[in-house]
Amino acid sequence: GAGVSQSPSNKVTEKGKDVELRCDPISGHTALYWYRQRLGQGLEFLIYFQGNSAPDKSGLPSDRFSAERTGESVSTLTIQRTQQEDSAVYLCASSLGEWETQYFGPGTRLLVL
Amino acid sequence: QKEVEQNSGPLSVPEGAIASLNCTYSDRGSQSFFWYRQYSGKSPELIMFIYSNGDKEDGRFTAQLNKASQYVSLLIRDSQPSDSATYLCAVNLVGGGADGLTFGKGTHLIIQP
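Keeping their order, the protein sequence lines are chains A and B.
For the first sequence, the working numbering assigns the number 21 to the initial residue and increments by one for each residue that follows.
For the second sequence, the working numbering assigns the number 14 to the initial residue and increments by one for each residue that follows.
No wet-lab data here; the hints were simulated from the structure.
Please note: incorrect hints may appear among the correct ones.
Quick partial rundown of chain B residues pointing at chain A, CB under 8 Å, derived from the structure [what the hints assert, rightly or not]:
1) F47
2) S56
3) F62
4) R90
5) L114
6) F116
7) G117
8) G119
Taking lysine-lysine and the DSSO-like style, the derived pairs with C-alpha atoms no more than 27 Å apart in a straight line are [stated by the list, open to error]:
9) K35(A) / K55(B)
10) K69(B) / K77(A)
11) K80(B) / K31(A)
C-beta atoms are modelled at their ideal positions from N, C-alpha and C, and glycine is treated no differently.
Bound-form chain A, shown alone (with noise of 0.2 Å):
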């Protein structure tokens, strides 16, 4: 079946603005994850979603940053008021379940200018 998707695949934007990235994990995965990565660095965790809850959001860099998931589908992450150390990649993997295997999508790729 299909893989992890994401969307946009690039966005640019500008300082203050508010963008929503949106991901759809793999069909049946329960797992969903949200990671950054900004240039030249390792994968930084922001937040994990069984099902449509979020048992640990600390991993969130500000308050300007929410996601939510709606049941065991689509989930979007939202920056409010975009700062130019947003600009990353933003990438979102799925897994079956908690211990399982994660299989990473393709990436949002931010600029904010």
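Let chain A serve as the given structure and place chain B on it in line with the hints.
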């Protein structure tokens, strides 16, 4: 503090030789260990996972896990130029999915033709 450590490299290996990539982790209770490959500008893709002590082989790849030493490695036999990439070690820590995968910063591998 939960950490996954990798030598950032670059690690340069001649074509046809064995590439050895190493990773240590801080949380003794960790249960699941993953190796991902990331080409420049692309998202991570799973190479192997290992849960039990010992070796696990898949084609040219062998993952080795030693929980007592908190050490996991990836061997690539008959290295090819197409193996040149950044290899990310990831550990699913005791908190399970609530912590996501904790990633090392990756080792940049260069296979010299």
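We went through each hint and held it up to the structure:
1. F47: 7 Å, holds
2. S56: 4 Å, holds
3. F62: Check passed: Cβ of F62(B) comes within 6 Å of chain A, closer than 8 Å.
4. R90: The hint is violated - R90(B) has no Cβ within 8 Å of chain A, the shortest such distance being about 23 Å.
5. L114: 6 Å, holds
6. F116: 4 Å, holds
7. G117: 7 Å, holds
8. G119: For G119(B), the interface hint holds, since the closest Cβ of chain A sits about 6 Å away, which is under 8 Å.
9. K35(A) / K55(B): It holds: about 25 Å lies between the C-alpha atoms, which stays within 27 Å.
10. K69(B) / K77(A): 34 Å, violated
11. K80(B) / K31(A): Roughly 42 Å separates the two Cα atoms, so the pair is violated.
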